[in-house]
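These protein sequence lines are chains A and B, in that order.
Going by my numbering, the first residue of the first sequence is number 1, and it counts up by one from there.
Going by my numbering, the first residue of the second sequence is number 116, and it counts up by one from there.
Quick caveat, the hints were computed from the structure, so don't treat them as lab data.
Quick caveat: nothing in here was measured; it's all calculated off a predicted structure.
Accuracy of the hints is not assured; some may be wrong.
Lysine-lysine pairs mimicking BS3-like chemistry, simulated, CA-CA at most 25 Å apart [as the list claims (entries may be wrong)]:
hint	chain 1	residue 1	chain 2	residue 2
1	B	K156	A	K70
2	A	K70	B	K159
3	B	K156	A	K107
4	B	K159	A	K26
5	B	K166	A	K107
6	A	K69	A	K56
From the derived model, a few chain B residues whose C-beta atoms are all more than 10 Å from chain A [said to hold, decoys possible]:
hint	residue
7	V127
8	E129
9	G131
10	S142
11	H163
12	Q170
13	P176
14	N177
15	R179
16	L181
17	T185
18	K193
19	P196
20	E200
21	P218
22	Q221
Covered stretches of chain A, going by a simulated chain B footprint (3 or more residues, C-beta under 8 Å) [claimed, not checked]:
hint	region
23	20 to 34
24	52 to 62
25	105 to 112
Where a beta carbon is used, it is the ideal one built from N, C-alpha and C, also for glycine.
One-letter residues, chain by chain:
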Amino acid sequence: SQQGEEDPQALSIQEGENATMNCSYKTSINNLQWYRQNSGRGLVHLILIRSNEREKHSGRLRVTLDTSKKSSSLLITASRAADTASYFCATVSLDSGGGADGLTFGKGTHLIIQP
Amino acid sequence: EAGVTQFPSHSVIEKGQTVTLRCDPISGHDNLYWYRRVMGKEIKFLLHFVKESKQDESGMPNNRFLAERTGGTYSTLKVQPAELEDSGVYFCASSPTSGWARPYEQYFGPGTRLTVT
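Construct the entire structure; sequences and hints are all you get.
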């Protein structure tokens, strides 16, 4: 079974609309992170939310975390064509030695923004 | 400041051959990670170095994979002998030293696409 599973697997919306992606995980975590990958490129860190936080904002991004449901959501507001990419949630286990352990990724959501 | 770099960007080898991937982390980052994504699957953690020491290698698939980080700077990942199922994209990432109260994000390289034929 996978630690992080994103939902939906693919999402296509019109430019200007909001995009919401969800992530579920199975174990207790230290923190949860969202990454973006543009085609053929490396992963870019978007936002990190700690286990004792419930919501975090960064520009057009809003992340929520519900540790009781072991789930997180990423909202991108006022989407742009440049937001077209794959988005991954990744978790760091609560047992990690200070939050610097390997990440556990989900399969990702492929987001397409149509102009 | 230069980001994480990986070499080569793409490697095509035959089954049974040896391939060595290289990762140069961001200068000053003690933590270095290797990940792999095979076709259609999620990105999987392989191992984690703290400076030159292997902190966690629980994700290494088998003993055909050998990772080193001599001197705590760049790292190499050798696959010997390569099998068809080793094909995928190998990512390297680095991060500064962190604590529970200040977790850091990881900075990823562009990846090396390995194709074993």
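Results of checking the hints against the structure:
no.: 1; hint: B:K156 to A:K70; result: holds, 21 Å
no.: 2; hint: A:K70 to B:K159; result: holds, 20 Å
no.: 3; hint: B:K156 to A:K107; result: holds, 6 Å
no.: 4; hint: B:K159 to A:K26; result: holds, 16 Å
no.: 5; hint: B:K166 to A:K107; result: violated, 29 Å
no.: 6; hint: A:K69 to A:K56; result: holds, 17 Å
no.: 7; hint: V127; result: holds, 16 Å
no.: 8; hint: E129; result: holds, 24 Å
no.: 9; hint: G131; result: holds, 28 Å
no.: 10; hint: S142; result: holds, 17 Å
no.: 11; hint: H163; result: violated, 5 Å
no.: 12; hint: Q170; result: violated, 8 Å
no.: 13; hint: P176; result: holds, 14 Å
no.: 14; hint: N177; result: holds, 18 Å
no.: 15; hint: R179; result: holds, 20 Å
no.: 16; hint: L181; result: holds, 18 Å
no.: 17; hint: T185; result: holds, 21 Å
no.: 18; hint: K193; result: holds, 19 Å
no.: 19; hint: P196; result: holds, 26 Å
no.: 20; hint: E200; result: holds, 18 Å
no.: 21; hint: P218; result: violated, 3 Å
no.: 22; hint: Q221; result: violated, 6 Å
no.: 23; hint: 20 to 34; result: holds (count 3)
no.: 24; hint: 52 to 62; result: violated (count 0)
no.: 25; hint: 105 to 112; result: holds (count 4)
Checked against the numbered hints given earlier, the structure breaks hints 5, 11, 12, 21, 22, 24 and satisfies all the rest.
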